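Colleague: Chain by chain, the residues:
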Amino acid sequence: MDAPLTIGGTELGSRLVLGTGGASSLDVLSRAIEASGTEVVTVALRRVTDTGPGSLLDVIERTGVRVLPNTAGCYTAREAVQVAKLGRDAFETDWVKLEVIGDERTLLPDATELLDAAEQLVDDGFTVWAYTNDDPILATRLAQVGCATVMPLGSPIGSGMGILNPYNLSIIREQVEVPVILDAGIGTASDATLAMELGCDGVLLASAVTRARDPAAMAQAMRAAVEAGWLARRAGRIPRRSYAQASTTGEGRPDLLGLTDPDPS
Amino acid sequence: MRIEVNGQPRELDGPTTLGAVVDGEVADRRGVAVAVDGEVAARDRWDELTLTDGARVEIVGAVQGG
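As they're listed, the protein sequences go chains A and B. For reference, each letter of the first sequence is one residue, going 1 to 265 in the working numbering. For reference, each letter of the second sequence is one residue, going 266 to 331 in the working numbering.
Treat the hints as calculated values from the structure; they're not laboratory data. Do not take every clue at face value.
Claimed, not checked - Simulated DEER-style distance windows between Cβ atoms:
{"#": "1", "chain 1": "B", "residue 1": "Gly303", "chain 2": "A", "residue 2": "Leu108", "range": "22 to 28 Å"}
{"#": "2", "chain 1": "A", "residue 1": "Met161", "chain 2": "B", "residue 2": "Asn271", "range": "42 to 48 Å"}
{"#": "3", "chain 1": "A", "residue 1": "Gln144", "chain 2": "B", "residue 2": "Thr315", "range": "30 to 36 Å"}
{"#": "4", "chain 1": "A", "residue 1": "Ala217", "chain 2": "B", "residue 2": "Ala292", "range": "31 to 37 Å"}
{"#": "5", "chain 1": "B", "residue 1": "Asp302", "chain 2": "A", "residue 2": "Asp58", "range": "30 to 36 Å"}
{"#": "6", "chain 1": "A", "residue 1": "Asp103", "chain 2": "B", "residue 2": "Arg321", "range": "26 to 32 Å"}
{"#": "7", "chain 1": "B", "residue 1": "Asp288", "chain 2": "A", "residue 2": "Ser25", "range": "37 to 43 Å"}
{"#": "8", "chain 1": "B", "residue 1": "Glu304", "chain 2": "A", "residue 2": "Ile137", "range": "31 to 37 Å"}
{"#": "9", "chain 1": "A", "residue 1": "Asp214", "chain 2": "B", "residue 2": "Gly303", "range": "41 to 47 Å"}
{"#": "10", "chain 1": "B", "residue 1": "Asn271", "chain 2": "A", "residue 2": "Arg240", "range": "52 to 58 Å"}
The model shown is predicted, which means the values in this text are computed figures rather than measured ones. Ideal Cβ placement from N, Cα and C applies to all residues, glycine included.
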C-alpha cells in the first residue's frame with residue numbers, strides 16, 4: 001500500500017496543507033479547516049495587538065491541526081532565521097515554512113538568501129519546509145542541504161494562475177528524494193489535481209480557499225481534488241495519442257443493410 | 266529607564282524583567298515569542314532576564330498567514 005506523506009519523520013493523514021492567510025473571519029477559517037481535512041495549517045508571526053477573546057490559536061486547538069509557522073515577509077536569510085526561531089519558541093515546534101522573498105510585487109523567492117537560511121536552520125535542528133521557485137536546480141540544492149520538503153510554486157502567491165511550468169515540476173519530482181509539495185498559485189480544484197498528477201506529494205494553498213466565495217465548499221473541493229490527483233497518479237494514466245483508439249470492438253457487428261453476401265458454408 | 270516595545274517607547278520605574286513586560290502586553294503567554302535587541306529570548310528565560318536601558322523588545326504572536 002501507499003505510504004502516508006511523511007515530513008521529517010511525522011506521518012500526515014492528509015496531503016493538503018492549508019494556509020490561514022486571507023480568511024475573512026476566524027469562524028470562516030475554522031469551517032474551511034474542518035472541510036479541508038488537513039492536519040497542518042500555516043501561521044505567521046506579527047507584533048501582538050489587543051485582539052480580545054477568540055484567537056487563531058483557539059481555532060487551531062479546537063480543530064486539532066498542527067501549526068506550521070512561516071517566515072512570511074522576510075527578505076534576508078538573517079531575518080528569516082530569527083523569525084523561524086521566534087516561531088519555534090512561540091509554538092514549541094521545530095517545523096518552519098521557510099519563505100525568503102526577493103520582491104514585493106512578485107513575492108518570488110530570493111534563491112541565494114533562501115538557500116543560506118535553509119542551511120542555517122537545518123544545522124540548528126529545524127524541520128524545514130522550503131518554499132521555492134519552480135527551479136529544479138535550486139530545489140535539488142535545498143534537498144541537499146537537508147530540507148525536509150521542497151515546495152515549488154505553481155505561480156506567484158495569491159495569483160491563482162495555477163501551474164505555469166508543469167515540465168519543471170515533473171523534473172523536480174524526479175530529481176529530489178524528499179517530498180515535493182506544490183505551494184502557491186493554485187486557483188481552483190483542477191490545479192491541485194494537476195499538481196498531484198505531476199507527482200507532487202502534497203499541495204499547500206491558502207487564497208484559493210480563504211478568498212473563494214464559499215471557503216468551506218472550496219476547501220472540500222480541494223480535499224477531493226488532491227485525493228483524486230493522488231489516486232490518478234497511482235493508477236497510471238493512459239498515454240496520449242494523436243488518433244482515436246476505439247473502446248468498442250468492431251468484430252461481430254450486425255449487417256443491417258445487407259451489404260455483405262451470406263456465408264456460403 | 267526607557268525601553269522600546271514593538272516600536273513604542275516605554276518608561277520603566279526600575280529594574281523590570283522581560284516577563285513582566287510581556288505580561289503587560291498580552292493576557293496569555295501561549296503562542297507568543299519575544300526578541301530582545303534582535304535576538305530571540307527563550308520563554309523559559311523571560312522571568313530571569315532583567316531589561317537594560319534602551320532595550321528593543323519585539324513581542325510577536327500568531328496571525329493568519331500562508
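Colleague: Holds or violated: the 31 to 37 Å window for the beta-carbon distance between Glu304 of chain B and Ile137 of chain A?
Modeller: Cβ of Glu304 of chain B to Cβ of Ile137 of chain A: about 33 Å, so the range 31 to 37 Å holds.
Colleague: Using the beta carbons of Asp103 of chain A and Arg321 of chain B, state whether their distance is inside 26 to 32 Å or not.
Modeller: 27 Å Cβ-Cβ, so the 26 to 32 Å window holds.
Colleague: State, for the Cβ atoms of Ala217 of chain A and Ala292 of chain B, whether the hinted interval 31 to 37 Å holds or is violated.
Modeller: Given about 35 Å between the Cβ atoms, the range holds.
Colleague: Go ahead and decide if the range 41 to 47 Å is satisfied by the Cβ distance of Asp214 of chain A to Gly303 of chain B.
Modeller: 43 Å, holds
Colleague: Taking the CB of Gln144 of chain A and the CB of Thr315 of chain B, does the distance hold inside 30 to 36 Å?
Modeller: For Gln144 of chain A and Thr315 of chain B the Cβ distance comes to about 44 Å; the hint is violated.
Colleague: Can the suggested window of 22 to 28 Å be confirmed for the beta-carbon pair Gly303 of chain B and Leu108 of chain A?
Modeller: 26 Å, holds
Colleague: Kindly confirm whether 52 to 58 Å is satisfied by the beta carbon distance between Asn271 of chain B and Arg240 of chain A.
Modeller: At roughly 57 Å between Cβ atoms, Arg240 of chain A and Asn271 of chain B fall inside 52 to 58 Å, so the hint holds.
Colleague: Taking the Cβ atom of Asp302 of chain B and the Cβ atom of Asp58 of chain A, is their distance within the range 30 to 36 Å?
Modeller: This hint holds: roughly 31 Å between Cβ atoms.
Colleague: Within 37 to 43 Å or not, the Cβ separation of Asp288 of chain B and Ser25 of chain A?
Modeller: Given about 28 Å between the Cβ atoms, the range is violated.
Colleague: Using the C-beta atoms of Met161 of chain A and Asn271 of chain B, is the stated range 42 to 48 Å upheld?
Modeller: Given a distance of about 36 Å, which is not inside 42 to 48 Å, the answer is violated.
Checked against the numbered hints given earlier, the structure breaks hints 2, 3 and 7 and satisfies all the rest.
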